[in-house]
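For this one, chain A is given, so just place chains B and C on it according to the hints.
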Amino acid sequence: MTQELLTAAPPALARSPRRASWLGRFVRRQPMGTVAAVVIAAIAVTGALAPWIAPYDPVANDFGAMFVGPSHDHWLGTDAFGRDVLSRLIYGARTALLVGFAASLGGATLGAIVGVIAAYFRGPTDLVLQRAADILISFPLIILALAIVAILGSGTLNLILAIALSFVPRIELVIRASAMSIRGMVYVEAARAVGAGPWRIIFRHMVPNVVAPYLVMVTAFLGQAILLEASLSFLGLGVNEPTAAWGLMLSGTAVEFLQRAPWMAIFPGLAITITVLAFNVLGDSLRDALDPRLRT
Amino acid sequence: MRQLRFLVAAVLAGALVFVSMSASTVAQQPRRGGTLNFIVNAEPPSFDAHREATFALIHPARGHYNLLVKFDPQNYPKVVPDLAESWSASADGRTYTFKIRRGVRFHDGSTLTARDIKATYEKIIFPKGDVVSARQATYEMVERIESPDANTVVFRLKWRSPSFLQAVASPWNWIYKAEIIERDPHWYERNVMGTGPFKFVEYVRGSHWAAVRNENYWVRDRPYLDGYRALFITNATAAVNAIKSGQALVEFRGFSPTQRDDIVATLGNRAVVQESNWICNNIVVFNTRRKPFDDARFRKALSLAVDRWGGSEALSRIAFVGPVGGATRPGGPFATPPAELEKLAGYSRDISAARAQARRLLAEAGVPEGFEFNLLNRNIQMPYSFVGVFLIDQWRQVGLRVTHVVKETGPYLADERAGNFDAAVDFNCDFYDDPDLQLVKFLSVNKSPLNYGGYNDSILDRLYTEQSRSLDAAHRIALVRQFERRLLDDRVWQIYVLWWKRIIPHSARLHGYKISPSHYLEDYQDVWVSE
Amino acid sequence: MARFAARRLLLMIPTLFAVTVIIFVLVRVVPGDIVELRLVSGGSFVTPSVIEAERVRLGLNKPIWAQFTQWIVGIPRLDLGTSMWTGQPITEEIALRLQLSLQLAVMATLIAVAIALPMGIAAAVRRGSWVDHAVQVISVAGLATPSFWLGILLLLFLLTTFHWLPPFTFTPLWVDPKANLLQLIWPALAVGYRYSAVTTRMTRSSMLEVLREDYVRTAWAKGLAARVILTRHALRNALLPVVTVIGLEFAFLIGGLVVTEQVFNLNGIGKLFVDAISHRDYTLIQGLLLLVAAIYILVNFLIDLLYVWLDPRLSYG
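Read top to bottom, the protein sequences are chains A, B and C.
Letter 77 of the first sequence, counting from 1, is numbered 77 in the numbering used here, and no numbers are missing.
Letter 432 of the second sequence, counting from 1, is numbered 432 in the numbering used here, and no numbers are missing.
Letter 52 of the third sequence, counting from 1, is numbered 52 in the numbering used here, and no numbers are missing.
Each hint should be verified, as a subset may be incorrect.
Okay, the calculated beta carbon distance ranges per label pair [stated by the list, open to error]:
#, chain 1, residue 1, chain 2, residue 2, range
1, B, Arg360, C, Thr160, 48 to 58 Å
2, B, Ser530, C, Gly87, 51 to 61 Å
3, C, Gly87, A, Gly123, 46 to 56 Å
4, C, Thr161, B, Arg270, 17 to 27 Å
5, C, Asn61, B, Arg360, 44 to 54 Å
6, C, Thr160, B, Arg31, 46 to 56 Å
7, B, Ser530, C, Ile72, 37 to 47 Å
The hints are simulated quantities; they were obtained by calculation from the structure and are not laboratory data.
This one's a predicted model, so the numbers in the text were calculated from it and none came from an experiment.
Ideal placement from N, C-alpha and C gives every residue a C-beta, glycine not left out.
Only chain A is shown next, with the shape it has when bound in the complex (with noise of 0.2 Å):
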């Protein structure tokens, strides 16, 4: 009896063998949400490829092509140092993705340990955690990725780490309720019962059952930390010049000439829009198919 609630493990998507079949389903029940994943994975890529489809290098300048406006050697136009608007944002599309994926996978990933651990520890290791972490979601999170940035300094490696490390009370918080409520299940119990190691109970029990709220934490967040890039690089306190990003694109020189040349504030920021959509509307789908539970 106990051995087979050993290894009957929850149903846990990862090891679904009917994933397919899954998918299936997904795409069916949520037109919307298939639609925003064949967005994401079109931007995607576009930011691969980047290089081979790119028109023009996005970091030259070309003094002799300042503020050109959509025409037909530059579609979107060209920037303040004559560089070219659609390349910049085909690019931009590589910076928005990395920071989007490694913040909130990073971020995610690190927040769920934490919860997890607090969990299975539960006693004074998870009431300074949940302290801290209660704290921690009293800043906005502007505020805290700012102090974080303040801390590390600004540049690509830097905002990543700084907008993950923001995320990582909220989901823990997320993680640790949803890991809590299946270390009291009675197979945890049976489990600890036969002598299984903290260790083992956590990985084969816990985190196979935090990995719905988990994704969708990640997805929820892709949009957040992409926002929260361009709110940063449009401080000056995240992607530095000359790397293409969009919320860089959108600052300084881009509302300097919002009258002259507002193709350079309009099409970053519709970029923007349609990416974090497009996550959103993923995140919103996925959530629903994962974990009604989770509905709000």
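This is chains B and C only, laid out in the frame that chain A set:
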């Protein structure tokens, strides 16, 4: 010969009159009254100019004070009387005697005497205890200050100094009240008490600084304005919009060329644009403690690769940089003659030849194609970011891959001081064209705390000291040229990128204001506004 | 009720203390030095001894624990020390900006609620209809649009159509209501739209849940008018989670509008925070972080009180 010189002078004078007439600064009868609203795009830390180094204090608060002598706002770099009505220097150039104006009153009604001047300068030159003076080192040549009577102040110097009078005209040396300084040397950090044309009304943080006319001002019929209001608008776009919408008439630091065009496009003939070369520049300092930056050939290659003339033309359309110059301001009294300038590394008009030479030097220095290094920069958009993006693209064209490391001012300074960089965009900004001010940062590390490159060069040190004590103008210029050749062409310890261009587009309602090459020299005594 | 409130208030003290510890440690690991920044950033030639003297004057040479005690003992008296950058009391520095930030937060929240409640309710009642879909699209788009970009577009719109721009300097509401509102309505719109998105979604799902409850079905069965059912029975109960969301969003609005304040040149708390960080003004950063955390904790407390008040089923514990 003498006739020729006269002719030249007459033509110049004529041109000057023409220029000032066309600038419509003297065309109308000054109007008394009205409030001048202007923008300041940063906020002052304390109110004590002796310890601060930001225009954000000069612009809102300079109107409350007078100086001992000052630069003529209409005719830089002429020095004219302010609180000193006259002065004289001894034959050996080591004693300066200033006669102080009588009957000048502080805003509290007390009378100004030589004692106030002495106390002020002692606070600046010989600060006691925990008093901070940002300009102590500038007055190293001063031995002591005396006030033999109520209307005389005497400065005794350790050595003769050709630019001492200009150093005293420093816009930072506001004359304070001796009694207050003696009672509490920190009082002026949070309070205002001067003899200037405007009295302090209020400072609302994040909003404005208000001042009202000093009815008992010692210059008759001045100031013209009833008062002024400095509006703190830190966002550049908002500043442009404030001028376009008439919420402010001017911003006295300077706008970028595109912002200028934007304002002119909206205001049309209701805007006046004044421009001047600026005593500010961007420098690149190389960390000579690191390889291959210890190799003069590599550093020279980096300078050769920068197309200053092409960059000047392009960048001057988007940023307030432009003038190409050596170690002294183009257009200034010590400016490098064009023929000499073009002989310096990186100043040739033939950029492809220069780049070819740069590639040869890179090869000689053993630096491979695709070599990577970091360029440290400040996270200030105008003009640092533009200069950084430009340099990276220039160096990319000789096969170097440069990463832009942009930091906030705090960590940026910390990195510069700790030598934690490969190359760094640095800057220099002064109130006056003077080799003493502009060259000090290139001296050996043990001589100058502002040398971040980590090198020692006793020849530069010697040339600097010699020029700073040479009373013969021609000889001094020759020494400065020698210094410049060694710095920029021979050793290439640091390089100049571009000098800045000061652009002030203002409402046509502002009169009596003339742009100078420094944004520290603003003076509202003679400024007026029309209806 | 009073006992409940008092107990919750007491519980806030250890939390706030922990907040101060975390903040203090966080601030001290920020690299860069305010003294160098002030004295050297203008390019002045300043000797190391001058820098040292200034450090002593600001108390930066004292051991960390001494600096911490000095700060913490002032807090109960609402004395947060003086700004290292300006020498002004922190409370004064903050009070000026808080006025603007509070007003903007209130306006944005009002706008958000005005958009969210009707949209959320309509979407819930007409679930699955085109109304529902439209509402979903509008709210998801709101979440995805960076509010600073929306602000930029708003400015562009005002510039091109009216050749007019909102004032750039803050006038308090009681001095000149018109100038004040003309300045703040635009950022409030940009931010309010974004924040309405969260509230709309919350209202919709909360309403859906309540509409499924037995007592609402009973009400329908009894043949009560739809308006009565919706307002009396459903809305009142659905409001609880909605109020929580509104409250927390409000708390975040006070310090969290960093970028929007930049776009509209508003001297609010967010901008002050960015300035304080770039100046390395330790005391001011500490004060601001404490303020933001305190507001959040206070709002949480008020929400709890409101819960007890709105829902008599909850005990006063």
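### Message
Need the list of violated hint numbers for this structure, in ascending order.
### Response
2, 6, 7
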